[in-house]
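Novice: Each chain, letter by letter, is given below.
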Amino acid sequence: MDETTQKIKAFIVEEFMPDVPVEDLDDDFDLLTGGVVDSLGLLKVVAWLEDEFDIGVDDSELGPDSFRTVAAIKAYVDQARETAHAE
Amino acid sequence: MSQTAIRSLADHFAEQVRRQPDAPALIWDGAPVSYRELQQLAGSSFAELQDARLREDRPVGIRAKKSPEAIGLILACLRAGRSFLLPSVELAPETLAQLFAQAGTSQVLSPHGPRSESAASLRALVDDARAAPDAAGIEWPPVGGGEDVTFMLTTSGSTGLPKIVPLTASGVDAFTDWAAEQFEIEAGTVVANYAPLNFDLCLLDIWTTLKHGGTVAMVDQDRATQGAYLAELVNDNRVNVLQAVPMLYRLLIDVHREDWRTFPSVRHVISTGDKIPASSLAELPTLFPNARFYNLYGCTETNDSLIHEFVGLADGNVPSHVPVGQPIPGVIARLQQEDGTALEGAGTGEFVVWTPFQTRGYLKASLNDEKFVTLSENGGDGRIYYKSGDIVRRHEDGTLTLEGRSDFYVKVRGVRVSTQVVEQAIQEHPAVVEVAVIAVPDELAGARLHAHVRREVDAKLNSLILRQHCATRLARTEMPSMIEIVTEPLPKTSTGKVDRKAVAAALERSRANG
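As they're listed, the protein sequences go chains D and X. According to our numbering, the residues represented by the first sequence are 1 to 87, in order. According to our numbering, the residues represented by the second sequence are 1 to 514, in order.
Hint data in this document are derived by calculation from the structure and do not stem from the laboratory. None of the values given here were measured: they were computed from a predicted structure. Backbone N, C-alpha and C define an ideal beta-carbon position, used for all residues, glycine too. Accuracy of the hints is not assured; some may be wrong.
What the hints assert, rightly or not - Calculated lysine to aspartate or glutamate pairs in the EDC-like style (CA-CA distance at most 16 angstroms, straight line):
| id | chain 1 | residue 1 | chain 2 | residue 2 |
| --- | --- | --- | --- | --- |
| 1 | X | Lys460 | X | Glu484 |
| 2 | X | Lys275 | X | Glu434 |
| 3 | X | Lys411 | X | Glu478 |
| 4 | D | Lys74 | D | Glu50 |
| 5 | X | Lys411 | X | Asp442 |
| 6 | X | Lys460 | D | Glu23 |
| 7 | X | Lys460 | D | Asp24 |
| 8 | X | Lys460 | D | Asp19 |
| 9 | X | Lys387 | X | Asp369 |
Unchecked claim - So the derived list for chain X, only partly shown, Cβ under 7 angstroms to chain D, looks like this:
| id | residue |
| --- | --- |
| 10 | Ser463 |
| 11 | Leu464 |
| 12 | Arg467 |
| 13 | Ala471 |
| 14 | Thr472 |
| 15 | Met479 |
| 16 | Ile485 |
Only chain D is shown next, with the shape it has when bound in the complex (with noise of 0.2 angstroms):
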């Protein structure tokens, strides 16, 4: 598992499922249909995004898809980072 994979999964288990190993949490396991993230988690993802990879996360990104898995999450930081080399 990469290292970004890894820290995404070990946030959204601390914050969200304490009670669950972070190797049990796949990565395309759907987090909102799975009610592990609701409307106001997704706000705490994104925030602890911003901080912890130094993106920047617009508003109007904030569609549900780009955070229904962890595979989508590390995707969204992937190609946010390389958005930020470019410039």
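Could you slot chain X onto chain D? The hints should help.
Specialist: Chain X in isolation, oriented as in the chain D frame:
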């Protein structure tokens, strides 16, 4: 002797005393009490009642824990043709006093006589309650009362003072005859009594049995959560009929897992008072190899109204949604939609019912307006129907299942959600023993759901596994925000149901402590 007196429970009991004086009427603390001995207990209470020269037109109050003496006292009241209020002994003294005052009781009796210390001190409290300026006094005789009233039971009263439910002799008579026929209760039948004495369930397990000459094996209230004691009571006394809340079956299942004990004498296993989890249902045929299995649905106001027999449990035919059943013969039931019309076909509605066993109404008339109604479109049927407050779903095949209490509905992000539907979904996971779902007020969402889950000790279960399980069963608004998994038993009410209020209070405390 008047027409009603001939049909009374007391006369049927007297007839059993004549027929089989030495047969055991009760088994208490491992020892039998014969019909003759019980008659003697009733006789001495009857004599005290006569000596006390109580007002003829007023009921008496009974404060009694379950015991042969308490049964004797009730038999004495029945014989004297007195109505009697029988509330839970676990209520606070002030609440008891208010209830006795509201019912206009002329005297509070306990099995050791009207002059016993507890009765006397309670008497003073009742007088205070009656003299209080805000006393909810009732014009006597009240609407629901009257000469033909025998038992006066109370509702569990989730809010405020419990409501007093007067039962007529004819209603009790009809019910005890139905129950005897349905569950084959006759001379020689042994019926276990699990519920406390003040519960409507006792009309089946104690009073039907004594009326028809059987034997009641009484569970001591102080040992009602001890599985080993309960298992011995069933087997030592060769119990034939078992009626209880799901908790009893759960306790027996735990005993069975320890030592593989089974209960071959039991012929009828009745679950009532709460929804039995499918995981418990699946195990029942192993515990009770010779039994038929039923769910009974009812309430104090109407007594039982629906019955379901589980067929094929032993072959793995376990319904995940436990049907509440179909109307007992003579019962008229319908599902009422929010606009007041009857639901035809599949869907959900409030369960509205008339039974041959029901009360005429609460003793306090002002409580009746919203609960006891006539149905305009049935115009001429002249019946008073009871609005149960239970939301029931009718499936395509006509099966009825309980969705929950209408008061368990909360709004989550503007959507109506039943916490009981959520509990049901979580309960379906095989590693879940019991669950309480609490709606926690939330500024943004209106309410957020908190699930407090007890898992099997040796099972692997965490919130993620449970969320995956629920994802296919629940809508997103129904998904709990918080899932807390524990292994200790959840707090229970005196009726053995999960005490959501206690869970909520504990949650509130832990939140307050950060």
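Novice: List, from low to high, the hint numbers that the structure doesn't satisfy.
Specialist: 14
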